[in-house]
Structure formats: C-alpha cells, structure tokens
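Peer 1: All residue numbers in the sequence shown are consecutive under full-length UniProt numbering, ending with 190.
It is worth saying that the hints were derived from the structure and are not from the lab.
Check each hint, because a few of them may be wrong.
Unchecked claim - What follows is a set of in silico ranges between Cβ atoms, one per label pair, in the way DEER data are often shown:
hint, residue 1, residue 2, range
1, Asp72, Gly38, 35 to 41 Å
2, Tyr25, Pro144, 35 to 41 Å
3, Glu99, Gly160, 19 to 25 Å
4, Thr4, Arg70, 41 to 47 Å
5, Phe182, Asp5, 41 to 47 Å
6, Ser7, Arg78, 36 to 42 Å
Bear in mind that the values here come from a model prediction, so they are computed numbers and not experimental data.
Yeah, the Cβ is synthetic: ideal placement off N, Cα and C, and Gly gets one too.
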Amino acid sequence: MPSTDASTRERLLTVAERLLLESGYDAVSVRAINSAAGMNPAAVHYHFGSKDALIAALLEARLAPVWQRRLDEVTQRRRGGWTPTVPELVDLVVTPLAELAADPVGALRLRLLARFVLGRREPAWTSRWFGLGPWIELLRDARPELAKADAAQRWLLAFGLVLQFFADGMPGEVPVDTLRAFVAAGLAGS
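My request is simple: use the sequences and hints to build the entire structure.
Peer 2: Encoded structure:
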C-alpha cells in the first residue's frame, strides 16, 4: 500500500476515533467520517470496506499494543514448556483492561470495544489475539480435559462479562479482584 494510502487510512482512523468517542457508534455515519476527514464520500468503503471493518481496524490499532507485549511473553514461555494456570490467563485479560479503564481515553475505547463486540457484530479481526483461537489453546493448556468447543464457550462468556464489567463502569461497585476470581472459576469450571 503506497504511503498516501497509509496516511489516508490513518487519517480516517483518527477522525473516526474522535467522532466515535464524542458521539458513540450509532450516532456516527460513514458519511460523517468521510466529511470530517475531508475525504470523498467513498473513502471509508475504499480503504476499509465498511463501517464495521473501520471500527475493527481502529480498535486493533489502538488496543492491540496493550496486549501484545504480554502475549508475546506468554508465547515465548509456552515454547519453553510453561503451562499457564487459569488465574494467570484471567490476569492476561483483566490487568490491561483495568489499566485502560483508569485512563479517560482508555475507558472510552473500552466502551467502544464493548459496544462493538457485545452488539454481536462479526468483526474481521486481523490481530491474532483478537480472535478466540489463541485463548482456546491457552485454556486447554491449563485445562487439558476441556473440549475445544467447551473452552470456546467459556471464553465467550468470560469475555462478555469482562467487557460488560469495564464498559458499564462497574469497577467502582465491584472490585476487580472479585471479577478475576469469578472469571477464573467460570473458565476452570469450578
């Protein structure tokens, strides 16, 4: 992709993020994003294919770095023979989200992520860690007796609860440690 395409994509992502954080997903149209970015009416569709694909690209660009270092370390440790525990897996998910929730812009990004994912859209994630596959593998390392389908269902429930927890501002009402314990028990099946 030529650098002008890359800069156009980044401009669209930046403008979309600003509009989405100000107004919310439903209030922002593709037309509004193109207009605010000073682009022609087809720019979002040309560069991303759809509003949902733009949102998926935005969330990955802004949130993948939050997990990437930790998850790369996990991958290296697994290659060395380490087997994760369920509480360690929960910490991999919850700790970065708790850090994001403590930052005003991070909290808004979490709300956008939650609304997008919990709205049951089927995003076209490109980042490995945004899909269920790696998480299923990790859980099955910790609990080898789990069938792949059971591990997937447990993660879907866990991610839904965790996203809801941080998106709705529950951290003030329910301690994050309570969330960790609850999710760990659910994933472990205990």
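Peer 1: Flag every earlier hint the structure violates by its number, smallest first.
Peer 2: Of the numbered hints given earlier, the structure breaks just one, which is hint 4.
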